[in-house]
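Asks: Sequence:
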Amino acid sequence: MGNQVEKLTHLTYDEVPTSDPHGLDPGDEGPRIGVSYIFSNDDDDHEDSLELPAESRLPSQEDTPFDPQNELACSVHYRDECIYQRNATGTNTTHSAESLLNKCRPGDLLEFVASGQYPHWAVYVGDLQVVHLHRAEITNSFLTDASQGKQGRIVNDLYRFRALPLEVILRNARDHVGARDRDLYWRNAECFAAWCRYGKREFKMGGEIRIGKQPYKLTLLFSQKDRHVLEFQSLEDVIMEKRRNDQIGKEAVMQELAGHLNSTNEIKDDHFG
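For the sequence shown, the residue numbers in the working numbering are 35 to 307.
The set of hints was computed from the structure by calculation and includes no laboratory data. Being a predicted model, the structure only gives us computed values, none of them experimental. There could be a bad hint or two in this list.
Said to hold, decoys possible - Result set (BS3-like, lysine-lysine): computed pairs, CA atoms no more than 27 Å apart in a straight line:
#: 1; residue 1: Lys-251; residue 2: Lys-234
#: 2; residue 1: Lys-234; residue 2: Lys-137
#: 3; residue 1: Lys-251; residue 2: Lys-238
#: 4; residue 1: Lys-284; residue 2: Lys-184
#: 5; residue 1: Lys-259; residue 2: Lys-284
#: 6; residue 1: Lys-137; residue 2: Lys-184
#: 7; residue 1: Lys-234; residue 2: Lys-247
Please work from the sequences and hints to get the whole structure.
Replies: Pasting the structure below:
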């Protein structure tokens, strides 16, 4: 049986189910249940062609240069362990592809970013080249080609897993060059690149059994005081939500969330008022 499955459109926050089956939970301000992407296929071929919902699209976003200030800081916890963290400062400095070449070492994880687009991840394998999942195929490309004109940065420290030995990282990447379509086990470029470096089965499609529990928490950090928490069944679901937030940007996420909270409060007032 192949790995290609039907793609479903992502739900906006006002459609995300809460812990109450009717979307009403007046006595609990805790985490909300996140969207399940079990029927979604999120490779970069789809990512490049996706359009933002009208309510999430910012004015002239396509023409806006990448702004690190519009990145949404977040963290991911598996039960009580923090396994991923991106702060508002310290990890957001980007470089041109040419400048990035002077900073890379084999085995590094690279992230290429642009306003209004999904971030693209790759593994630097030396000799000016990277291995990455792009358009439903794992390819070996020159770093400058893989960047497609985007700004880039080294992101080895975002995930808090222990890196594999260098030779294993490079073997993981190179051994899968040429894999495509039904031979792929990763939904997007981030999952593939992170798997190469850390070897965790959680990055693969179906790598975790979905048994109804929500062991992952994605915390969206809008400021030191304002945050929002979503719960997910699997790491791949968390990654897909995190990537979607990166695509639309911090301001659009805040607009979505504000709309959801206003709608929820109105329903609570009508139901319990």
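Asks: Now tell me, hint by hint, if it's right for this structure.
Replies: Do the hints match the structure? See the list:
1. A hinted pair counts as satisfied when its Cα atoms are at most 27 Å apart, and Lys-251 with Lys-234 qualifies at roughly 18 Å.
2. Annotation: proposed proximity of Lys-234 to Lys-137 holds, straight-line Cα distance about 26 Å (limit 27 Å).
3. Of the pairs offered as hints, the one joining Lys-251 and Lys-238 holds, with about 19 Å between alpha carbons and a cut-off of 27 Å not exceeded.
4. Of the supplied pair hints, the one linking Lys-284 and Lys-184 holds, its CA atoms being roughly 19 Å apart against a limit of 27 Å.
5. A threshold of 27 Å between alpha carbons decides the hint, and for Lys-259 with Lys-284 the separation of about 15 Å falls inside it, so the pair holds.
6. For the hint linking Lys-137 to Lys-184, the alpha-carbon distance of about 16 Å falls within 27 Å, and the restraint holds.
7. About 20 Å separates the Cα atoms of Lys-234 and Lys-247, which keeps this hinted pair within 27 Å; it holds.
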